[in-house]
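Peer 1: Residue numbers (the working numbering), protein chains in the order written: chain E, 701 to 1033; chain P, 701 to 1033; chain D, 2 to 501; chain L, 8 to 359.
Hints may contain errors.
Said to hold, decoys possible - From the derived model, a few chain P residues whose C-beta atoms are all more than 10 Å from chain L: (1) 754; (2) 813; (3) 886; (4) 888; (5) 975; (6) 998; (7) 1000; (8) 1007; (9) 1015.
Stated by the list, open to error - Straight-line Cα separation of at most 27 Å, DSSO-like style, residue types lysine-lysine; simulated pairs: (10) L:137 - L:221; (11) P:831 - D:420; (12) L:46 - L:298; (13) L:55 - L:221; (14) L:77 - L:55; (15) D:95 - E:831; (16) P:831 - D:343; (17) L:46 - L:344; (18) L:316 - L:130.
Hints were generated in silico from the structure; no laboratory data involved.
Beta carbons are placed, not taken as given, at the ideal position from N, Cα and C, and that holds for glycine.
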Amino acid sequence: MTAATPTLPDTTPESRTSRFALNEGTLRGVILAAFLVLIVVFFSSRSDAFFTSDNALNILVNASVIGIVSLGQALTIISGGFDLSVSGTVPLGAVVYALLLNDGYGVFGALAGVLVAGAICGFVNGLIVAKANINPLIATLATMSVTGGLALTIADGVQIPFDDPEQGVLAEQSLFGVNNHVWILLGLSLVVFVALRYTVFGRYLYTVGGNREAARLAGIRVDAVTTWVYVFSAAFASLAGAVLASQLLTGSGTAGTDSGLQSVAAVILGGASLAGGVGGVPGTLIGVLILGTLANGMAIMSVPAFYQTIATGVVLLLAVGISQIRRISRRGR
Amino acid sequence: MTAATPTLPDTTPESRTSRFALNEGTLRGVILAAFLVLIVVFFSSRSDAFFTSDNALNILVNASVIGIVSLGQALTIISGGFDLSVSGTVPLGAVVYALLLNDGYGVFGALAGVLVAGAICGFVNGLIVAKANINPLIATLATMSVTGGLALTIADGVQIPFDDPEQGVLAEQSLFGVNNHVWILLGLSLVVFVALRYTVFGRYLYTVGGNREAARLAGIRVDAVTTWVYVFSAAFASLAGAVLASQLLTGSGTAGTDSGLQSVAAVILGGASLAGGVGGVPGTLIGVLILGTLANGMAIMSVPAFYQTIATGVVLLLAVGISQIRRISRRGR
Amino acid sequence: MTAPVLAVEALGKSYGRHRVLDDVTFRLAAGETTALLGENGAGKSTLAKVLAGAVPPDSGRVLVDGNPVQLSSPRVALEHGIAFIPQELVYVPKLTVAENVCLGRWPRRAGFTSGAALRRQAAAEAERLGFDLPLDHAMDTLTLAQQQMVEILKALARRSRVILLDEPTAALSSHDSERLLNVMTGLAADGVGVLYISHRLDEVFRACRTVHVLRNGHLVRSSAVADTTPRGVIEDMLGRSADEAVAPTRDRAWARPVLSVRGYERAGLPPLRDVSFDVGEGEILGLYGVRGAGAEVIAETLGGLHPEVTGETTVDGSPVRTLRRPLAARRAGIAYVPADRKSQGLALTLPVQQSLSMLVLRSLSRFGVVARRRERTVAGKLAADVHLRARGLGQLVGELSGGNQQKVLVGSRIAMRPKVLVLQEPTRGVDVGARLEIHRLLRRLADDGTATLLVTSDIEEAVNLSDRLLVIRDGAVVSEFPRPDFRSQSDVLHAAGGLD
Amino acid sequence: GSSGGKSSAAGDFTISAANYTEAAALFRVIHTNLDDVIKAKDTGVAVKWYDNAGDPAKMTQNARLMVQDKPDAIVMYPVSNTTQGIGKIIGDSKIPCVSVNLATPNCAFLNIDNRALGIDSAKIVGAEAKKRGWNASNTTVLIGQNAASGEQVNDCVRYFHSTIAPILGLPTVEPTSITPNMTKVSANAIQFDGGSQLQPSFKAVKNLLPSIPKNHNIILYTVNNDSTVGALRALQDAGRAGNDTLLMAGLGGDEQGIKALREDPRWVAEGDIFVSWWGQYAVAMAQALAKGAKPPAEVTLLPQVVLDKNTVDTYHQPGSVDVKQLPPLVESNDYLKQGGFLQVVGNIEGLK
Ligand SMILES: Nc1ncnc2c1ncn2[C@@H]1O[C@H](COP(=O)(O)OP(=O)(O)OP(=O)(O)O)[C@@H](O)[C@H]1O
Ligand SMILES: Nc1ncnc2c1ncn2[C@@H]1O[C@H](COP(=O)(O)OP(=O)(O)OP(=O)(O)O)[C@@H](O)[C@H]1O
Ligand SMILES: [Mg+2]
Ligand SMILES: [Mg+2]
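The shape of chain E in the complex, shown without the other chains (with noise of 0.2 Å):
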């Protein structure tokens, strides 16, 4: 027998376009984008307060905090995980926070420590889900107790509220009268984004997300790859948690407790997957604002309490159905 051709027919002639087209990922991004849009044209429809740079700004505040949260969720999502503990490492994260500022150590200091704090749960979160192969929502439930413990046991139970109430820099308002911590939110979008797009490290997430056991056998150091996730997200989330104490003027051992409900649906309505191996940034941001913006347009509205909490849900099933519309049924996960 001789060799074949190399030459196959099936190499589809759309091979070439699909390079220009969009893809699906664009797409659902496009289609949530305008989403968003029609939800702020229905509020300004129905408020005059609502449209205006003030209350954009006021958004932007808002959201930040869950945003930061949700930059980190993204990239456990992303690599097939999941991370629950936020809701823990949030408040811990604040209330060191404010004892650092309390003893002196000044917003550098103690945003280092902050940092630190974060990432040694966040190191011990990835040990616990890549060594001992536990899986991520249950190791992450159970660390979010024991971190959401330990910032109340810090705090004793109590707010400590900072003895200087000028030292909440991080929330004042600097460079055109944005807060810093929304300029925070943006530098760190942008850090991810080429992180995720341009870089190794980046490409090892998709991949570890998309399929462990493949990076597994190509050499990739999946369980390094999995802690260095963790400990970012919990990085985030505790460096989340110094901006809520900053708005706050106080470390509170019970202020974003919801963060880990509330950042997963961002990031997932954002268009990534609990499959993992899918997801980016800009999807995460469009996904915080579609619900922060909700929620601010709803409270001018003044919508009873109820009919809030109702309308959300509604709102995000809307967002993922509709986005998924164009998605090919083919697979059911």
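On the provided structure of chain E, position chains P, D and L with the ligands as indicated by the hints.
Peer 2: For chains P, D and L with the ligands alone, kept in the frame of chain E given last:
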């Protein structure tokens, strides 16, 4: 090419050993049960008040609400899904139950109403997950908002005390001095156990959870199975709400809102996998009991509040970790 | 004499109490192509996985260039120059072909990488080895055969000193297989050591220099290929003398059509153009075409996977209204064996018994409750029919060797006793002995009246088993071979367009 | 203040108010009762409501939105002691502000005296228990805190304990050393965290019950009636709620508390804080502030009184929870008269 004789040495489908050998799942269950015993022994050695029949009943009474929810959650997780919306369905069930009781429908009438309300919520969940193909975590996170908001709306934000305090029969003691809702839990456990093990529906569940696409190709109505699973889960949660209302003699729109994560924790602790296709009733019950016993034992020992939170996390990790030790690390996810 | 590039000494491996590898010792020299043979479940894949660092051995040593090494992870193995293509494809579904080819080896500069450079790198590798693949497509949009080609390219592109190939040709057409064998020969000439696992003895005898045979985890033969015969090798595999190959009987006269397909059309890729054929009662109709010609789409359509295909289908005289989903196919009496057992066929978390009974559960139950005794009997019978090697009916499918998983898949479809049996790659990864048994089984089912449609990329299987063979090319039926035999092989290949 | 919000009629006094949460009856009545009054009478006040939902982050968002409304005054019911941040936001806006129940920087503070409530309730319960001969050998005090709501709120249970312990000869513990993390207060006292809610209280008490000696009588007091009722259900379930083995004091003055005080022999005191009127007091205070009144530096007191079985009908219509009249103004809140709103609403003892 030549042929082989048809009989091969160990084509032994009838091999006797396998029926008695411990398979991975059973082994895991045994280890977990041993862990539970360990916890019991520990607390018994620390407090005389712990190891009494009264306190055993105490634990059961506390565990039965989350136990009933977890049975339903086990179904969704085995089928490869996830139901966070129980956090909203439990209070909805509680509120509806109280309303119907106060409207004079009697316990059975009210129960019927509660089950119907739950089933409707579950049906919607099922449609969203199965037909709209939205990831169950995000879908049920959204419907959790909706059902939770509905509960508050129906109750108009207030609690609905039973007009007749004698109507808490679900929470009363009957046969052998055991509370009715504990009997309900045991009865349901038996039903679900049998359903999972011995019925066609149970088989379909494991198949769909094990590989959705393979199930579909095998002609299983994957959508229908999925929808039923969510109907059951919500009906169970709703029933759990009625039990909770009976315990409190009040339908409260804010009670039981932690049942989503709690039940997921119990089911996973009990050996189920979030990837689907694995899990069962005995494991789930052990998971529920471990969490319940821990809370009870620490309260009796007067462990300081925040340390209880921390300890719960640590023990959860230990339990999952230990039961995993023997696991073959071959497959990543 | 220089040390062999790879050697193992007294290797042992157990799963639980089950001894999978026992005291295995062999060596692989640079530039040597060696075949590793054995029945399904003999331990071939396990050995390969140990050598690739994917599975730790219980005992024994591995030596690279005569130095003992700890292959504690695939990463370490790769560092020692050992590349591996596993039997079950392991790729990243959402990434593009280019990214999968360069997995773990992105072009990098100070931690940064670029998509364009990656694509260039992948294109260069593909070009060098003569592979034509849609580099920008997501992996999960490819056919199984294409995916297999990507996996092969991925391993070859690593420029390793040792390449372990675990049944790489099981899902490939003869054209692609041939291409691969040529590349292998080229690699060996360049001093690469190749370990080749296959159930296709003809390939082994053409492409390999030495052969090792595993039986129940023991190495029972190591010799030069020239010193043995296919027959001898098979006897080593089985541990007893092999039966004479019996050409399947096909004396039946043409019978009434049970399955009729009329005017199948499909616009997408690959397209179908006015495909019509009948399968008679008791007939095995083969469909053969090169990768992408459309044969597999026809099978998938009959399995209910392509609602977009238009045309008419008749089963047993009554028209099938729609084949929109697999359930409809099943209801029409069509049993379908999909090509990819892992993603489409089996739930690896289920025990063997439940996998075998999956499609007939309703008939084994009363009022929704499964009659476990009957299920056990039925499953036991099926397991014997397909010559399953398992520790018991309770063993999880995921723990079976690849070939045995395939047998479970075929068994579960046969259980339906269907009017029409549609098979895609029915013996993918099945050993020679069991393959013949499955062929006999299919023949027996046909004799009982089942109309069988066989789509296989294995030309030998196609001509041996089919009563009639249709060649598909560019989505259309281009020629028909009544009663094909091994002499028709090259004609069939010509007609299919593979030899132009 | 500046011009009013868009939703109100021209010339109205506009207020943006944020409630602790709308999901609990206790707080919801603040909103609904005020709405009823405004709807029923021509008060010239327009209130726009926000819901803090028990969440500090949400509260911060609401503070910003309220400032954005540019109302004549702000009323804030903070969710925890994390008020420095919102104090800054509100302070920067220069809008007069009333903070209810928890102090907020740059806001005038309107509150009940939790400490006094605890002490007064302890005196009533203590007297009854002493009469029955309860002492260190046969009594356990069960107090239910809500750690998340901060120190001030939990003062009631801490001072309750420190008051009742000496009366019955139980081990004394400094109120300030009873921390949120504490479960075992002394050999005769246990603290649990019921989160001010029914079910968590039920669960917590259910779990700790076995640690209370079987022969002990129980004295129950918590931060609110939801928590007390939840604990009571658990005690009932365990058969530990007999008429001669349990004494309770409620806190809230809501329907369940008043009803229980009238009907339940074990429920011997009720800290009545007239929560449903807090909205009215807050509005009056906001108006007074806008008119330039100087509030006391510490706190402006809300109406409160600890009722026992004999005094319950002094302030409530017989057989109902409807408030007949409110306690008279005291020194610290006398200036609320300047606002004028209380006069419109009427029914405060001694105020026309
Ligand atoms: N993870 C596992 N757990 C338990 N048993 C296993 C596992 N993996 C493989 N086995 C068993 O090890 C034996 C050898 O399997 P292996 O995959 O090496 O066979 P093989 O020679 O490659 O067969 P095939 O030709 O079918 O691919 C089989 O009996 C199989 O059931
Ligand atoms: N260690 C290695 N790993 C991967 N690829 C290798 C390795 N060594 C050589 N190759 C490549 O394998 C390919 C096949 O070898 P080569 O090009 O020499 O074949 P050939 O003798 O030209 O035969 P033909 O082109 O006819 O197949 C070459 O492109 C070669 O660079
Ligand atoms: Mg194999
Ligand atoms: Mg060469």
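Peer 1: Quick one, are residue 46 of chain L and residue 344 of chain L close enough, alpha carbons at most 27 Å?
Peer 2: holds, 21 Å
Peer 1: Just want to verify: residue 813 of chain P was marked as not at the interface with chain L; is every Cβ pair farther apart than 10 Å?
Peer 2: The claim holds: residue 813 of chain P sits with its nearest Cβ about 21 Å from chain L, beyond 10 Å.
Peer 1: Would the hint linking residue 316 of chain L and residue 130 of chain L be met if the CA-CA limit is 27 Å?
Peer 2: Given that 27 Å is the threshold and the Cα spacing comes to 14 Å, the pair holds.
Peer 1: For residue 1015 of chain P, is the shortest CB-to-CB distance to chain L above 10 Å, so the non-interface label stands?
Peer 2: For residue 1015 of chain P, whose nearest Cβ neighbour in chain L is about 15 Å away, the distance exceeds 10 Å, so it holds.
Peer 1: Just to be careful, I want the Cα atoms of residue 46 of chain L and residue 298 of chain L compared with a cutoff of 27 Å; is the pair within it?
Peer 2: holds, 24 Å
Peer 1: At 10 Å, judged by beta carbons, does residue 1000 of chain P keep clear of chain L as stated?
Peer 2: violated, 4 Å
Peer 1: Hint check: residue 77 of chain L vs residue 55 of chain L, CA-CA at most 27 Å. Holds or violated?
Peer 2: Status holds; Cα separation ~11 Å.
Peer 1: Below or equal to 27 Å on CA atoms is what counts here, so check residue 137 of chain L against residue 221 of chain L.
Peer 2: Roughly 20 Å between the alpha carbons, so the hint for residue 137 of chain L and residue 221 of chain L holds.
Peer 1: Can we trust that residue 754 of chain P is non-interface, i.e. its beta-carbon lies farther than 10 Å from all of chain L?
Peer 2: violated, 7 Å
Peer 1: Run the C-beta distances from residue 975 of chain P to all of chain L and say if the shortest one exceeds 10 Å.
Peer 2: Holds, since 32 Å exceeds 10 Å.
Peer 1: Examine each Cβ of chain L, and state whether all of them lie more than 10 Å from the Cβ of residue 1007 of chain P.
Peer 2: violated, 8 Å
Peer 1: Was residue 998 of chain P rightly flagged as not at the interface, with every chain L Cβ beyond 10 Å?
Peer 2: violated, 8 Å
In summary, the numbered hints that this structure violates are 1, 6, 7, 8, 11 and 13.
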